[in-house]
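> So the chains spell out like this:
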Amino acid sequence: MKRIILMTFVLSLSLIFVACSSSPKLRLLNWGEYINDAVVEKFEAETGIDLIISVADSNELFYSKIKSQTTAFDLVIPSDYMIEKMVEEDMLIELDYSKLDNRAEVTYMDGVVQIFDSMSETTLARSNKTINYYDFAVPYFWGTFGIIYNNRVEGLEEALNEHGWDVYFEADTYFPTARRGMYDVPQFAYAAAMMYLGNNPNDYSTEYLNQVQAVIEGADFIEWGDDTLKRNVEADNLDMAFVYTGDYLDRLYMQLEEGKTLEEVRSDFDIYIPDTTMVFIDCMVIPNTATNIDGAHQFINFLLDPVNAALNAEVVGYAVAFDEAFNQITSYLDSADTWRHNWATANSIYYNMEVERTFYPLTTLNPNDVDAIGTMIQNVITG
Amino acid sequence: MNKEFKVLSRPYMVWLSVLVFIPILAMLVISFSNLNSSVSMSELVLSVSHFNLLWESSTLIAFRNSILFATITTFISFVLGYFIAYEIKLSKFKNKFILLTFVILPMWSNLILRTESLANIMSENNILKSIIGFNIFGNISGTWIAVLFGLVFTYMPFMILSVYTALEKIDFALEEAALDLGLRPIKKFWKVVFPLSFKGVVTGSIMVFLPTLAGFAIPKILSRGQIVFIGNIIEQKFIYTNYNHGALLAVVILIFILGSILLLTKFDKEGETLL
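If you read the sequences in order, they're chains A and B. To convert, note that position 85 of the first sequence is 85 in the numbering used here; the numbers rise steadily by one, no gaps. Add 1000 to the 1-based position in the second sequence for the numbering used here, that's all there is to it.
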């Protein structure tokens, strides 16, 4: 008996030793399906660092995982408002740009610069502090929000292009029978309604809250979902929904891979991006619990290489953050490879940077306001 | 020998106190105070300001929905499930284990997966429609019928199993005696079989009622986010890190659960049934 116990002990110990190979590790906390495996392999081959990826599905989870310090993550990819919150609570370390040689080689896209500026502005307004977010964050992906719509509904496309937000929110006037859906993230619903009303989605007051409630009630939403929204529009079970542009591209890429042409997919369902819309940015930041700070810089520098950034974008439907990477993707417009050609076309249509747009990244509201918005949405749903 | 049993029961007792009792205590503290991630222990104040939440219309409606759906689901599961259990008991089929296996067959697949597929075939355009050309369920996705169907479909096996266990325990001699003494079979059922199996019905009801009351995934998926249970509100509160509100609502649910367990002990003094 003793011998068996001893044997198991030795065996499990040896297993543990095998699992801990000697190469240095980099612990990345990321969103699900948000990195190209080819990028991981290339990075590991070039640097000899073992990239260990953990996944969480909300910014709030990122926050609590770092705050609780159960795992010392070296690198996290949170969104704009969460970066503001993390900086405010001193959870991030400043980047050392001397270790990021590739930064000089790339130009951030106009939209990205707009978002960084707007983050600094809202921080200044909220807490009277001047913070340069470039000191803490390097963009990973960014993207707009839009209204995904069912193109099988006659006239919907034209109406959206002409009247924009009104078509989505005024169910009495436009397409009373259209099936409308909304993300079950209360702040998204609030922001969308605020933009329809012509306000800044980051402003909050009780008066605005009441107006927004009336607007959302008027939209007659039949679904409050998440990833289900894009799939339901695709399957002709929903006609309009406010989603990430990347949500649309994700389904588009999927159908292209199944052999449909771009025109076929677009005639089934498409996305309309309003002139005033919400944007998000996800950035790489280093939490102050990090143990491999050098490795984290190496990873950031690796993704500042436009070739690697473009490679990463091949499986993720969001927009790359650098002009050089975007130009590389759109250079495939003349490519003989159908997938690359479609990919380039999609990027140049949906992330078209020629169009002048007003971008609003969401800021971090104070917890009481977030709660009031949440309760208001619940009241609309149950009402 | 007794001592060894005691030692063996210890791991679970430790597990129970560390992962159940202490968290419940923490939940109580959080729901009756201002404690959250930005308030330190020393600033802890007894606070009932968030109790306003309980009178918010959405909270009341969510409670009503949870209780209403849990009650109806339990009743339907009882009516339909009892007779399936009775059929299995009466069946001449030698291997009843196989019949019971059929009952729990749906549980072999993941709950979320099963519910998502149910939501899919309940919607207007779905995979089945493209194969067979018409909708089996009509277009009920997003309605209360869809939610009720999903709940009954998911939880009825619990009712069947506990009723069946109770039915199997009934001594056949009693039934024979009833018939010998001149009762017609239908009367025998009501006077002998049903009362003796009632404990199984109570256990089954608890096992259907509780998860339905506290659940949130099935209503969320099948109602397309339109029918809100109290579990959905708790989920939202925890996602947006409002632990005070979340804990408060969870404590209220806990009171309901304790209440129904007390109800159970009233019917089941000897603790014979499954719970």
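Don't read these hints as lab results, they were simulated from the structure. Please read these numbers as outputs of a predicted model, since none were measured by experiment. Some hints could be false.
[As the list claims (entries may be wrong)] Listing some non-contacts, in silico: residues in chain A with all C-beta distances to chain B over 12 Å:
no.	residue
1	D57
2	Y63
3	S64
4	K67
5	D96
6	G164
7	E234
8	V355
9	G374
[Stated by the list, open to error] So, partial list: chain A residues that the calculated Cβ filter (under 7 Å) puts toward chain B:
no.	residue
10	W224
11	D236
12	N237
13	D371
14	A372
15	T375
In this text, a Cβ means the ideal position worked out from N, Cα and C, and glycines have one as well.
> Taking the hints in turn, state whether each one holds.
Against the structure, the hints come out as follows:
no.: 1; hint: D57; in the structure: violated, 10 Å
no.: 2; hint: Y63; in the structure: violated, 8 Å
no.: 3; hint: S64; in the structure: violated, 7 Å
no.: 4; hint: K67; in the structure: violated, 7 Å
no.: 5; hint: D96; in the structure: holds, 29 Å
no.: 6; hint: G164; in the structure: holds, 25 Å
no.: 7; hint: E234; in the structure: violated, 10 Å
no.: 8; hint: V355; in the structure: holds, 32 Å
no.: 9; hint: G374; in the structure: violated, 6 Å
no.: 10; hint: W224; in the structure: holds, 3 Å
no.: 11; hint: D236; in the structure: holds, 5 Å
no.: 12; hint: N237; in the structure: holds, 5 Å
no.: 13; hint: D371; in the structure: holds, 6 Å
no.: 14; hint: A372; in the structure: violated, 11 Å
no.: 15; hint: T375; in the structure: holds, 6 Å
Hint check: violations occur at hints 1, 2, 3, 4, 7, 9 and 14; the rest are consistent with the structure.
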